[in-house]
Amino acid sequence: MADLAKRQYRGDGKCPYELLPEAWTEPEPYRAAKSLIEAVNVALYLRRPLLLEGEPGCGKTRLAYAVAYELGYPLHACYIRSTSRAQDLLYDYDALSRLYDIQERSSGSTQGKPLPTLPRQNYLTLGELGKAIEQSQNDIPSIVLIDEIDKADIDFPNDLLLELDRLQFSVKEVPGCSFDALWGKKREERRHFLPLIIITSNREKELPKPFLRRCLFYYIEFPDQSTLKEIVKSHFQAEITPLFETAIKRFWELRSLRNWRKIPGTSEFLDWVTILERDERAKKISDKTLASKLITNLPHLETLVKTQPDRDVLAKLRTQNG
Amino acid sequence: MAKLDSLLFPVFDALRKQGVPLGVSDYLLAVKTIRSGFGLEDAARFKELCRLLWTKSKEDQELFDIAFAELIEPELQIVSTPELVTTTPINTSPSETPPSTISSESTLKNSKFQSQSQLESKTETLDEQVPFRPKSSRQLFSFKLDRVEQPRHYYFTMRLPISQREMAGIWRHLRHPQRTGVLEDLDVEGTIDSICRTGIFIRPRLQARRRNQAKLVVLIDQQGSMAPFTPLVNALIESIERGGLLGKVSLYYFHDCPEGFLYEHPSLTSPLSLEVVLNSQAKNNSVLIISDAGAACGYYDGTRLADTKAFIKTLGTYTYLYAWLNPMPPNRWLATTAEDIATIVPMFYLDKEGLNDAVNILRGHPFPSEVGIYE
Chain A
402 MADLAKRQYR GDGKCPYELL PEAWTEPEPY RAAKSLIEAV NVALYLRRPL LLEGEPGCGK
462 TRLAYAVAYE LGYPLHACYI RSTSRAQDLL YDYDALSRLY DIQERSSGST QGKPLPTLPR
522 QNYLTLGELG KAIEQSQNDI PSIVLIDEID KADIDFPNDL LLELDRLQFS VKEVPGCSFD
582 ALWGKKREER RHFLPLIIIT SNREKELPKP FLRRCLFYYI EFPDQSTLKE IVKSHFQAEI
642 TPLFETAIKR FWELRSLRNW RKIPGTSEFL DWVTILERDE RAKKISDKTL ASKLITNLPH
702 LETLVKTQPD RDVLAKLRTQ NG
Chain B
11 MAKLDSLLFP VFDALRKQGV PLGVSDYLLA VKTIRSGFGL EDAARFKELC RLLWTKSKED
71 QELFDIAFAE LIEPELQIVS TPELVTTTPI NTSPSETPPS TISSESTLKN SKFQSQSQLE
131 SKTETLDEQV PFRPKSSRQL FSFKLDRVEQ PRHYYFTMRL PISQREMAGI WRHLRHPQRT
191 GVLEDLDVEG TIDSICRTGI FIRPRLQARR RNQAKLVVLI DQQGSMAPFT PLVNALIESI
251 ERGGLLGKVS LYYFHDCPEG FLYEHPSLTS PLSLEVVLNS QAKNNSVLII SDAGAACGYY
311 DGTRLADTKA FIKTLGTYTY LYAWLNPMPP NRWLATTAED IATIVPMFYL DKEGLNDAVN
371 ILRGHPFPSE VGIYE
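Chain order of the listed sequences is A and B. Position in the first sequence counted from 1, then plus 401, gives you our numbering. Position in the second sequence counted from 1, then plus 10, gives you our numbering.
Careful, some of the hints might be misleading.
[What the hints assert, rightly or not] With a Cα cut of at most 25 Å, we get these calculated SDA-like pairs of lysine to any residue:
#1 A:630 - A:588
#2 A:415 - A:458
#3 A:610 - B:51
#4 A:552 - B:367
#5 B:323 - B:274
#6 B:42 - A:411
#7 A:552 - B:180
#8 A:610 - B:26
#9 A:610 - B:33
#10 B:258 - A:485
#11 A:573 - B:220
#12 A:587 - B:35
#13 A:586 - B:41
#14 B:68 - A:604
#15 B:68 - A:415
#16 B:362 - A:587
#17 A:610 - B:373
#18 A:552 - B:186
#19 A:407 - B:54
#20 B:42 - A:442
#21 A:552 - B:200
#22 B:362 - A:615
#23 A:630 - A:481
#24 A:685 - A:638
#25 B:362 - A:638
#26 A:610 - B:76
#27 B:42 - A:588
#28 A:610 - B:367
#29 B:42 - A:567
#30 A:587 - B:187
#31 A:573 - B:205
#32 A:707 - A:583
#33 B:293 - B:377
#34 A:587 - B:36
#35 B:258 - A:493
#36 A:610 - B:37
#37 A:610 - B:220
#38 B:42 - A:668
#39 A:552 - B:374
The hints are simulated quantities; they were obtained by calculation from the structure and are not laboratory data.
Next comes chain A alone, as it looks inside the complex (with noise of 0.2 Å):
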């Protein structure tokens, strides 16, 4: 692949390079901000992780499959559990396994003459980010999503530092077996076959400084309304109808509406918009309907409104209005 330092992110939805091996081919409906372009360029320039910050449901995640999908790379997600361990992201040993083959290799034989056993490679799985660094060393980049890291211990980000500075490790139960993305160069001269690591944290947990220097911080900010209709119009793959136009108004009323506990975002806009539009081919609602309503009788505010503090001031407003 000569055009790999070429590549580059433009947030259009259409992928003109050509397939590396196991690209993720799933488009993705995504509309980033101009500087969340640049951003994920100037990563992808530096291979440096990418970490993004921003409200519940604003596309941190979507984002690594967009770009994945606009570069033709292939996608590793690893989606970070409060027991996860920085080591599960680049293998597991099924030690137990082993001595279970073991065991019935020496006791199951008949000649008397234990079977010979398996290499330990046969126990070896990799981890996403080990998948990653595996790719790379063959020269394939590709694109790692660690979501939610605040989630994890937070030993996590810390014992990754090594791992995400030198994009190599080695496998302690096989002895001999290591990987490494930088084949002993530096940086720079395997940049264009490294993996861009965009990590998403809801701030949890403050994450440690020495995790903080190595990444690139980016905060997405909720859309505006303009851009709202464009984030519409490319997931529904149409024109905005005035159905559309009139959820964009109103969902933006709610929004300011009060000082929410957890405001409606992205996701549960997308959600709620859906239903209103499997509705309105049913024949249940307009937007004139729609923009009738009071603000608290909305239909369906059980997607936007999500706990039972938010949903009692509603309810006391409604009985406020009559």
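Please arrange chain B on chain A, whose structure you already have, making use of the hints.
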């Protein structure tokens, strides 16, 4: 290069001084990236790029915006509109260098910078960005006559003696990892041991993963003399909750001295008996007390001292892991109740060193010499 340096360094320096985690490599990275052609399309892009490389949180971004507006924007502005140069002395840029030197130097500097980078900043775009820039040269002239009406900008950002990020970093030291939860990891040694004992392999031994089991009880003095410290105390509490103690934190409130009751709410409502709380929460756990210990009032109160002594005695029967954080600096403890309380409890000023020492005590380090209830 030198021109770029003189433009970028002040901002970088300002951010570093405010505790944004940046190092030399981050500075070089910015220079390298700019030289390879990023962020040179217009002023906004240039700003976006520096922001992307040098800020690590939303709060950092605010600090950056201020520093950028103060230190770089006035210079960019001169580049794009040379006719302004003659009138810069009355420009109210908050930059600390004398304005006259900026104008002569930076025109030179920036004309080079411009040719280097093809910086095409348009007057319109800058107009939106720089709120304090006068609209036209005619207006400028009138400003000259009437200086009083020049717009002034004040930035109110909270500056605490210790940043929240630093606090969270220190709280990470408070840990007590124990194996709890589901058995999921293979205990290699245990399994080998069991094979050795029985001679055959029956089943593998599993063990749970290590999790931080450190538990912290925080007792917070509220209202009265503690009222001015509310932002600091809130920042501290937030850092404890997000510092990674994994939810095992309980907060209680009191006024002046915990006696008889503790309150669940900062407004000192829903009281709980002190004994019940200590019984259920404090046993062998770390207890942190946050109070000015009378230092903010500035006088000596014998009753308060006696009450505090009694409380510490009770607390001592549940745990020996307790420390006191005082938001007043130590020189103000002198000749107040705080000075005496500091001899019976390890008391620290709420700054970086003090918090570090307090966390060490909570982890089980010995008290400083001559501090203790029986000393």
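Verification of the supplied hints:
1. Of the pairs offered as hints, the one joining residue 630 of chain A and residue 588 of chain A is violated, with about 41 Å between alpha carbons and a cut-off of 25 Å exceeded.
2. A threshold of 25 Å between alpha carbons decides the hint, and for residue 415 of chain A with residue 458 of chain A the separation of about 23 Å falls inside it, so the pair holds.
3. A threshold of 25 Å between alpha carbons decides the hint, and for residue 610 of chain A with residue 51 of chain B the separation of about 31 Å lies outside it, so the pair is violated.
4. Distance hint between residue 552 of chain A and residue 367 of chain B is unfulfilled; the C-alpha atoms sit about 28 Å from each other, more than 25 Å.
5. Between residue 323 of chain B and residue 274 of chain B, the direct Cα distance comes to roughly 22 Å. Compliance with the 25 Å bound is thereby established for this hinted pair.
6. Annotation: proposed proximity of residue 42 of chain B to residue 411 of chain A holds, straight-line Cα distance about 22 Å (limit 25 Å).
7. Taken as a hint, the residue 552 of chain A and residue 180 of chain B pair is honoured in the structure, with Cα atoms around 19 Å apart against an allowance of 25 Å.
8. In summary, the hint linking residue 610 of chain A to residue 26 of chain B is supported, as the alpha carbons are separated by about 12 Å, within the 25 Å threshold.
9. Restraint check for residue 610 of chain A and residue 33 of chain B: the C-alpha separation of about 11 Å stays at or below 25 Å, so the hint holds.
10. Distance check on the hinted pair: residue 258 of chain B and residue 485 of chain A sit about 19 Å apart at the alpha-carbon level, within 25 Å; holds.
11. With a C-alpha separation of about 20 Å, the suggested pairing of residue 573 of chain A with residue 220 of chain B holds against the 25 Å cut-off.
12. Restraint check: the Cα-Cα separation between residue 587 of chain A and residue 35 of chain B comes to about 15 Å, which is no more than 25 Å; the hinted pair holds.
13. Between residue 586 of chain A and residue 41 of chain B the CA atoms are separated by roughly 22 Å; this keeps the pair inside 25 Å, and the hint holds.
14. Pair hint residue 68 of chain B plus residue 604 of chain A holds up; C-alpha atoms about 10 Å apart against a cutoff of 25 Å.
15. For the hint pairing residue 68 of chain B with residue 415 of chain A, the CA-to-CA distance comes to about 31 Å; that exceeds 25 Å, so the pair is violated.
16. About 38 Å separates the Cα atoms of residue 362 of chain B and residue 587 of chain A, which puts this hinted pair outside 25 Å; it is violated.
17. Taking the CA atoms of residue 610 of chain A and residue 373 of chain B, the gap is near 22 Å; set against the 25 Å cutoff, the hint holds.
18. For the hint pairing residue 552 of chain A with residue 186 of chain B, the CA-to-CA distance comes to about 19 Å; that is within 25 Å, so the pair holds.
19. In summary, the hint linking residue 407 of chain A to residue 54 of chain B is supported, as the alpha carbons are separated by about 24 Å, within the 25 Å threshold.
20. Of the pairs offered as hints, the one joining residue 42 of chain B and residue 442 of chain A holds, with about 15 Å between alpha carbons and a cut-off of 25 Å not exceeded.
21. At roughly 31 Å between alpha-carbon atoms, residue 552 of chain A and residue 200 of chain B are farther apart than 25 Å, so this suggested pair is violated.
22. A C-alpha spacing of about 24 Å is found between residue 362 of chain B and residue 615 of chain A, which places the hinted pair at or below 25 Å, so the restraint holds.
23. As the CA atoms of residue 630 of chain A and residue 481 of chain A are separated by approximately 32 Å, the hinted pair breaks the 25 Å bound.
24. At most 25 Å may separate the alpha-carbon atoms for a hinted pair to count; residue 685 of chain A and residue 638 of chain A meet this at roughly 22 Å.
25. About 54 Å separates the Cα atoms of residue 362 of chain B and residue 638 of chain A, which puts this hinted pair outside 25 Å; it is violated.
26. Of the pairs offered as hints, the one joining residue 610 of chain A and residue 76 of chain B holds, with about 22 Å between alpha carbons and a cut-off of 25 Å not exceeded.
27. Between residue 42 of chain B and residue 588 of chain A, the direct Cα distance comes to roughly 14 Å. Compliance with the 25 Å bound is thereby established for this hinted pair.
28. Between residue 610 of chain A and residue 367 of chain B the alpha-carbon distance is near 20 Å, which keeps this suggested pair within the 25 Å criterion.
29. The straight-line distance between the Cα atoms of residue 42 of chain B and residue 567 of chain A is roughly 20 Å, inside the 25 Å bound, and the hint therefore holds.
30. Pair hint residue 587 of chain A plus residue 187 of chain B does not hold up; C-alpha atoms about 38 Å apart against a cutoff of 25 Å.
31. At roughly 23 Å between alpha-carbon atoms, residue 573 of chain A and residue 205 of chain B fall within 25 Å of each other, so this suggested pair holds.
32. The hinted pair formed by residue 707 of chain A and residue 583 of chain A fails the criterion: a straight-line CA distance of about 46 Å is larger than 25 Å.
33. The hinted pair formed by residue 293 of chain B and residue 377 of chain B meets the criterion: a straight-line CA distance of about 19 Å does not exceed 25 Å.
34. Note on residue 587 of chain A and residue 36 of chain B: the hinted pairing holds, with a Cα-Cα distance of about 17 Å set against a maximum of 25 Å.
35. Restraint check: the Cα-Cα separation between residue 258 of chain B and residue 493 of chain A comes to about 30 Å, which exceeds 25 Å; the hinted pair is violated.
36. For the proposed pair residue 610 of chain A and residue 37 of chain B, the alpha carbon gap of about 16 Å is at most 25 Å, so the pair holds.
37. For the given pair, residue 610 of chain A sits about 23 Å from residue 220 of chain B by alpha-carbon distance, which is consistent with the 25 Å threshold.
38. Distance hint between residue 42 of chain B and residue 668 of chain A is unfulfilled; the C-alpha atoms sit about 37 Å from each other, more than 25 Å.
39. The straight-line distance between the Cα atoms of residue 552 of chain A and residue 374 of chain B is roughly 28 Å, outside the 25 Å bound, and the hint therefore fails.
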